[in-house]
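Q: In terms of the working numbering, the sequence shown opens at residue 12 and continues consecutively.
Quick caveat, the hints were computed from the structure, so don't treat them as lab data.
Built from N, CA and C at the ideal position, the CB exists for glycine as well.
Keep in mind that a hint or two might mislead.
Pairwise CB distance ranges (calculated) [as the list claims (entries may be wrong)]:
(1) L75 - E166: 32 to 42 Å
(2) M183 - D227: 26 to 36 Å
(3) L170 - D233: 36 to 46 Å
(4) Q274 - L294: 29 to 39 Å
(5) D295 - E148: 50 to 60 Å
(6) Q174 - A245: 40 to 50 Å
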Amino acid sequence: AHCALGCARLRALARAMASASSATGAVQGASALKPDQSDAAAASPSMTAAQTNLEEMQERVAELDKKYQMLSMENDMLADYLQREAEKGSGFDDTEESAADLPTQAEKGRKGQPQRGGRAGQQQRAQARLRTSLTLEEKLRIANQELEALMKGIENTKLTSDQNLEILRALMEETDIRTREVKRDAYEFRRDIVVGAENPRTGSTMAEKVLKYMEDKLTQKDMLINKLFMKNQAFKIAIKKAENQLKSKSETGDDLQYIDFHQLQIENQELLQRIEDATQELLDLKRKSGRTQKQLAVMKKNLASLTAEAKTWEDEIRERRALLDKTEKDIVKVVEEKETARKEHKKLRAQRTSSQIPQVVDYVTQKAEEYQLEAQKRDWERKVELAENAAKRVRMARRASGTMAVTAAA
Numbered sequence: 012a013h014c015a016l017g018c019a020r021l022r023a024l025a026r027a028m029a030s031a032s033s034a035t036g037a038v039q040g041a042s043a044l045k046p047d048q049s050d051a052a053a054a055s056p057s058m059t060a061a062q063t064n065l066e067e068m069q070e071r072v073a074e075l076d077k078k079y080q081m082l083s084m085e086n087d088m089l090a091d092y093l094q095r096e097a098e099k100g101s102g103f104d105d106t107e108e109s110a111a112d113l114p115t116q117a118e119k120g121r122k123g124q125p126q127r128g129g130r131a132g133q134q135q136r137a138q139a140r141l142r143t144s145l146t147l148e149e150k151l152r153i154a155n156q157e158l159e160a161l162m163k164g165i166e167n168t169k170l171t172s173d174q175n176l177e178i179l180r181a182l183m184e185e186t187d188i189r190t191r192e193v194k195r196d197a198y199e200f201r202r203d204i205v206v207g208a209e210n211p212r213t214g215s216t217m218a219e220k221v222l223k224y225m226e227d228k229l230t231q232k233d234m235l236i237n238k239l240f241m242k243n244q245a246f247k248i249a250i251k252k253a254e255n256q257l258k259s260k261s262e263t264g265d266d267l268q269y270i271d272f273h274q275l276q277i278e279n280q281e282l283l284q285r286i287e288d289a290t291q292e293l294l295d296l297k298r299k300s301g302r303t304q305k306q307l308a309v310m311k312k313n314l315a316s317l318t319a320e321a322k323t324w325e326d327e328i329r330e331r332r333a334l335l336d337k338t339e340k341d342i343v344k345v346v347e348e349k350e351t352a353r354k355e356h357k358k359l360r361a362q363r364t365s366s367q368i369p370q371v372v373d374y375v376t377q378k379a380e381e382y383q384l385e386a387q388k389r390d391w392e393r394k395v396e397l398a399e400n401a402a403k404r405v406r407m408a409r410r411a412s413g414t415m416a417v418t419a420a421a
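Put together the whole structure using the sequences plus the hints.
A: Set out below in structure tokens:
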């Protein structure tokens, strides 16, 4: 009824606004057709009044729009309440009748007046009993019931969401287990068949190992089936035993009392808390295991890189040792040649200082040989010096590489 009244008022206001805008347009047209100053002065009060009326109508329209929105929300809430009551099987008629029995403001105003008889009095009483709105107490009661229903719906949705979440977690754990099993089977197949069953001579896969692998897998599957079958049989026997115990208790009258049931509920809550704690601990252990696996993979990678680096250093040390041995041999050879040259030089000096005076040609020849030997001596001394420097660098590099190898091993 309020919605219909509001709509009717809105339509009436819209028509009034249209008429006011048409009147304003007519006034503006008249002022445009008659540009006389006296006529414009006469038309200006009417234009101001029309604009004032238009603003008042717009304010009333905005106010009615707010009231209409409020009534729409109340009507929607009342419709939900009536639908819920109808679904429950108890209609809203009794409530309406009880609410209609309450005295209205008109009845309170006419309470002190004498009742009129006849048909007119009955029509007035019937009109007085018709109601177009609810009281604040009824609105509060309906709103509280709607709030309770909404909270129950939220709780039910939360419970359903928790159950679905648990189911999804169980499915994820099962999927992870199946994924690990598939990866393990693929690794074993690659290890035993793709790599292990390959014939080194022909390069083909040996059929005997493939058949043996498949037979072993089928045997494992059969053993797992038998194990699960026995477990299922044990569960069936336990369920049947529990049913028989429950049946015997019901026959002997040893039913669970409220206290026993309450105690079982408490024990169930304690066990659920323990299960939850154990599950949380298992998740923590899984996380720790995952982190440990990652650290282990990183350490293995570092170990492989260090092993490769150590092998490279060992090869380089081997090469340096070979170069050092060769250099030492060259040094020994150069020292021997130096000693021989020194003896020859000494011998020549002895011959030159002897009493026998050589000829000039012999002197010149020997002097040339001396210069040549001196040049060879300087060359060999330079070579010896270079060889000693190279040997010293090799020793230092060998000592540094040994220190690095000990540090890497540590």
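Q: Each hint needs a verdict: does it hold in this structure or not?
A: To see whether the hints hold, each was checked on the structure:
About 39 Å separates the C-beta atoms of L75 and E166, a value consistent with the hinted range of 32 to 42 Å. One distance hint, 26 to 36 Å for the beta-carbon pair M183 and D227, holds here, with the actual separation near 30 Å. Checked against the hint of 36 to 46 Å, the C-beta distance between L170 and D233 comes to roughly 42 Å, which is consistent with it. Taking 29 to 39 Å as the suggested C-beta distance range, the pair Q274 and L294 conforms, at roughly 30 Å.
The beta-carbon spacing between D295 and E148, approximately 55 Å, falls within the hinted interval of 50 to 60 Å. Look at Q174 against A245: about 28 Å separates their beta carbons, and that is not inside 40 to 50 Å.
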